Amino acid sequence: MISHQAGPSITYPDRISAESDAEQLHNACKGISTDEETITKILGHRSQYQRHQIREAFQRRYRKDLVHVLCGATKGDYHSLIKTLFRGKLQILAYDLYKGIKKPEIINEIICCCNNKEIEKLKIAYEEVLREEDPKKASQRTLETDIIKETKPPYEQLLVALLKANRDEDSPELVDEAIRTRNTSRLVNRIQVDKDVEELYYAGEKRAGKGDADTFIRILTKRSQYHVKEIMDVYYSRYDHTLVDAVKNKFSEPFRTGLNTMIMALKDLRLLLVCQLYDSMYGLGTREDTLIRIVCLRCEVDMNTLKSMYREYFGKPLIEAVREDTSGDFRKLLLALMGE
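Numbering (numbering that gives the first Met the number 0) for the sequence shown: 0 to 339.
Bear in mind the hints are in silico, worked out from the structure with no lab data behind them. Since the structure is predicted, the reported quantities are computational estimates derived from the model, not experimental observations. Ideal Cβ placement from N, Cα and C applies to all residues, glycine included. Don't take each hint at face value.
Pairs of lysine to aspartate or glutamate residues, derived as EDC-like cross-links and limited to a Cα-Cα distance of at most 20 Å, are as follows [to be verified]:
hint: 1; residue 1: Lys101; residue 2: Asp288
hint: 2; residue 1: Lys74; residue 2: Glu36
hint: 3; residue 1: Lys221; residue 2: Glu155
hint: 4; residue 1: Lys163; residue 2: Glu127
hint: 5; residue 1: Lys194; residue 2: Asp213
hint: 6; residue 1: Lys98; residue 2: Glu149
hint: 7; residue 1: Lys228; residue 2: Asp288
hint: 8; residue 1: Lys102; residue 2: Glu126
hint: 9; residue 1: Lys82; residue 2: Glu131
hint: 10; residue 1: Lys98; residue 2: Asp133
hint: 11; residue 1: Lys136; residue 2: Glu126
hint: 12; residue 1: Lys249; residue 2: Glu197
hint: 13; residue 1: Lys221; residue 2: Glu198
hint: 14; residue 1: Lys228; residue 2: Glu172
hint: 15; residue 1: Lys88; residue 2: Glu126
hint: 16; residue 1: Lys247; residue 2: Asp175
hint: 17; residue 1: Lys116; residue 2: Asp175
hint: 18; residue 1: Lys122; residue 2: Asp133
hint: 19; residue 1: Lys120; residue 2: Asp167
hint: 20; residue 1: Lys228; residue 2: Glu252
Ranges between beta-carbon positions, derived for each pair [what the hints assert, rightly or not]:
hint: 21; residue 1: Asn115; residue 2: Asn182; range: 20 to 28 Å
hint: 22; residue 1: Asp239; residue 2: Tyr312; range: 37 to 45 Å
hint: 23; residue 1: Pro12; residue 2: Gln58; range: 17 to 25 Å
Using the sequences and the accompanying hints, generate a full structural model.
What follows is the structure, encoded as structure tokens:
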């Protein structure tokens with residue numbers, strides 16, 4: 000078995016028999032009752048590529064789509080989690096956006112956390128979802144038109160600016176050098192940073208009444224990741240509180256959280272994901288869509304790292320929080336993906 004102490008959380012065999020797994024899943028779904036234990040044992044310990052192999056083997060042998068069979072045999076959050084496990088990264092984001100296009104919290108967690116390349120791929124994936132879910136109107140809709148329809152300025156303007164994917168990008172070579180030397184001088188124009196900080200201050204805290212959203216959008220959706228990080232550091236050192244606090248004080252929802260989500264994603268995406276996991280289980284009820292999305296997207300990437308950060312910031316194991324907030328086969332499959 001492949002196991003990781005840091006990084007990915009899911010464990011899976013080096014090699015599998017896709018045909019054997021397909022047969023076991025077929026048997027688990029036939030008859031009066033579903034064998035959820037077998038489904039969880041297999042899907043909770045296979046990589047995305049291995050699940051794809053199993054799906055192909057199932058199609059060859061039974062002339063049926065494994066996902067349709069599994070979804071027909073399961074229900075509720077367990078059903079949703081299984082369906083998501085067979086989607087690629089951009090498919091997961093696009094489907095969640097399609098379902099949650101009226102919910103700012105979903106929009107923020109997806110659009111405000113994507114880089115330029117991810118935005119471009121997301122727009123294509125969203126159009127594929129439209130063709131599948133709304134074929135009659137798909138040719139008249141895009142992610143941008145749906146966002147414009149469902150949101151209002153200045154929140155709409157923020158999202159449309161992000162969908163343009165015009166953020167300045169740092170070259171990988173310079174980023175590697177900055178990480179190695181712990182020196183960002185070649186990545187950041189200090190003079191421009193000072194100008195941006197001053198402009199943001201006068202458009203926000205120094206301005207009477209509400210802040211000038213246009214200025215915040217123009218600067219913060221265009222500057223590179225390292226440039227925005229430097230803006231945050233300089234802003235704090237100069238005015239003795241954070242840019243995030245300034246946004247909270249001068250703008251209202253949903254623009255406020257959208258802008259701050261974007262800022263925090265640029266500052267530390269992993270920490271933002273940890274906070275989103277916490278929020279998904281905080282208070283009454285659970286936001287299963289967020290929990291499913293993050294676990295499925297990060298279990299093969301850095302879920303163990305997120306687990307460590309969660310405990311550090313919230314004083315409680317993430318596994319324990321998930322165990323307390325979920326139940327049944329949904330809980331069992333989530334925990335398997337998270338390395339339990």
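Report task. Against the earlier hints, flag every one the structure doesn't satisfy and list their numbers going up. Result -> 7, 16, 20 and 22
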